[in-house]
Amino acid sequence: MTAVKDFTLDIADGEFLAIVGPSGCGKSTFLRMLAGLEDVSSGQLSIRPGSDPKKPLNSVVFQEYAIFPWKTVIQNVAFGLQMRGISEPERLEVARGWLDRVGLTKFAHHYPHQISGGMKQRVSILRALVNDPEVLLMDEPLGALDAQTRVVLQEELLRIWEQTRKTVVYITHSLDEAVLLGDRVVLMSAQPGQILDIYQIDLGRPRSIDTMNLPAFSEYRAAIWERLSAEVTRAMEMQN
5 MTAVKDFTLD
15 IADGEFLAIV
25 GPSGCGKSTF
35 LRMLAGLEDV
45 SSGQLSIRPG
55 SDPKKPLNSV
65 VFQEYAIFPW
75 KTVIQNVAFG
85 LQMRGISEPE
95 RLEVARGWLD
105 RVGLTKFAHH
115 YPHQISGGMK
125 QRVSILRALV
135 NDPEVLLMDE
145 PLGALDAQTR
155 VVLQEELLRI
165 WEQTRKTVVY
175 ITHSLDEAVL
185 LGDRVVLMSA
195 QPGQILDIYQ
205 IDLGRPRSID
215 TMNLPAFSEY
225 RAAIWERLSA
235 EVTRAMEMQN
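Residues 5 to 244 (our numbering) make up the sequence shown, in order.
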């Protein structure tokens, strides 16, 4: 089965790229290929290395909480640095700095079962960021959260991105989320996934949840939904 087809995409350094499309269109498969978790059967895919060869090319945040239940919050955040051979005092110092950025310092020595779902996903995101990857790959990272927590984490992501300006590839089923977070929004077709259009989101930076109240936000959302809704319908018909 072909997951993606005729797929050509350049992602700029420091860009926040959001990808939307109907379920099963190959969004997550494309991200897994970027992460090296899926083979590319044809074509070419590359991430340009940065100036520091010790930095990983990418880190991945999944929808599920990818944290170790037997490690504390700070140990989970520092885990990637441990795998790179960073000394314990240094990696814990770096991890504390990230925990402080998102207000989790007082939970540093809690275990995952002692914190909320939103906090667990913060820990997953920090564990990806602490390695300072060239590209941050995010596959529906907020999809399992309740609506209120999701809004809080969207604001958190916006703030973290403003501070780090990491290159981000962000998969989401939420069109509002894609328009709020992305510099560009890629619209994919029903399977096999092809790029139908790429929308430049000129809403300025920095952004916040209040950005969703702007008339321009509604215009972007309506324009993308007009085409996305047709693809969602087509995908549903293909399943019947």
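Bear in mind the hints are in silico, worked out from the structure with no lab data behind them.
You may find that some hints are simply not true.
What the hints assert, rightly or not - The calculated label-pair distances, taken between Cβ atoms and stated as ranges, are:
#1 Leu-218 - Pro-73: 39 to 45 Å
#2 Ala-234 - Glu-166: 31 to 37 Å
#3 Gln-152 - Trp-229: 21 to 27 Å
Every residue, glycine too, gets a C-beta built ideally from N, C-alpha and C.
Hints not upheld, ascending by number = none
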